[in-house]
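Colleague: Here is what each chain is made of, one letter per residue.
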Amino acid sequence: EDQVTQSPEALRLQEGESSSLNCSYTVSGLRGLFWYRQDPGKGPEFLFTLYSAGEEKEKERLKATLTKKESFLHITAPKPEDSATYLCAVRPYSGGGADGLTFGKGTHLIIQP
Amino acid sequence: ETGVTQTPRHLVMGMTNKKSLKCEQHLGHNAMYWYKQSAKKPLELMFVYSLEERVENNSVPSRFSPECPNSSHLFLHLHTLQPEDSALYLCASSQEAGGPGNTIYFGEGSWLTVV
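Line by line, the protein sequences are chains A and B. Going by this note's numbering, the first residue of the first sequence is number 3, and it counts up by one from there. Going by this note's numbering, the first residue of the second sequence is number 321, and it counts up by one from there.
Treat each hint with caution, since some may be false.
[Said to hold, decoys possible] Computed footprint of chain A on chain B; a stretch qualifies when at least three of its residues, placed anywhere within it, have a C-beta under 8 Å from a C-beta of chain A:
{"#": "1", "stretch": "352-361"}
{"#": "2", "stretch": "426-432"}
[What the hints assert, rightly or not] If you anchor each label on the Cβ, the simulated ranges turn out as follows:
{"#": "3", "chain 1": "B", "residue 1": "GLU404", "chain 2": "A", "residue 2": "ASP4", "range": "18 to 28 Å"}
{"#": "4", "chain 1": "A", "residue 1": "GLN5", "chain 2": "B", "residue 2": "GLU372", "range": "26 to 36 Å"}
{"#": "5", "chain 1": "A", "residue 1": "PRO10", "chain 2": "B", "residue 2": "ARG374", "range": "29 to 39 Å"}
{"#": "6", "chain 1": "B", "residue 1": "GLU404", "chain 2": "A", "residue 2": "GLY43", "range": "39 to 49 Å"}
{"#": "7", "chain 1": "B", "residue 1": "THR336", "chain 2": "A", "residue 2": "GLU11", "range": "35 to 45 Å"}
{"#": "8", "chain 1": "B", "residue 1": "GLU404", "chain 2": "A", "residue 2": "GLU11", "range": "21 to 31 Å"}
{"#": "9", "chain 1": "B", "residue 1": "HIS399", "chain 2": "A", "residue 2": "LEU15", "range": "42 to 52 Å"}
Because the hints were derived from the structure by calculation, they are not lab data. Don't be surprised by glycine CBs; every beta carbon is placed ideally from N, CA and C.
This is chain A alone, in the form it adopts within the complex (with noise of 0.2 Å):
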């Protein structure tokens, strides 16, 4: 069965402190794996899509890396505004919804001035 654990569940950061979010994921063959940012009562707005190990992409303070076995969200000197709830989802080779997608439960990031 594919799964996808988040951690830490919450997180709270001084501004200008990186840090990292981890997304560990368990699938018969990996497809993509997605990060999503969702605001407090919005809907989650995408942030990448990484294929395969090694893979790198940035944006603006974000960096997304993958491997076999997990992918990180890493946050380099936040500010306020990047508090926010990030998702990780995963689509793999079979099986999953018809959506193909497989989501964890979020990382609740805070981020104070």
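Since the structure of chain A is already known, use the hints to place chain B on it.
Modeller: For chain B alone, kept in the frame of chain A given last:
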């Protein structure tokens, strides 16, 4: 204008009411989705439509009834709901359903409270 628009943003309904959620996508996509998001749980896929045909119904109770009149519009009809149905309902769209590298784009969501 956002890519996926949902209305209403907030809805309070009694258990005997009938209401509908509406979704419109402006991205030219062929697949549309309804998800349910509850506190402390992963996103739950409810319904998928590809080219206006339903391709999946993840054992959702019949008190939720979807309708997809065309590839740009999606409705979720609600009747005789239970308090545990209170959640954020998210509409989403993608170029195709489940294709490799297929990115799903979400709307802002409709907050539903059942009293």
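Colleague: For which of the previously enumerated hints does the structure constitute a violation, in increasing order of number?
Modeller: 6
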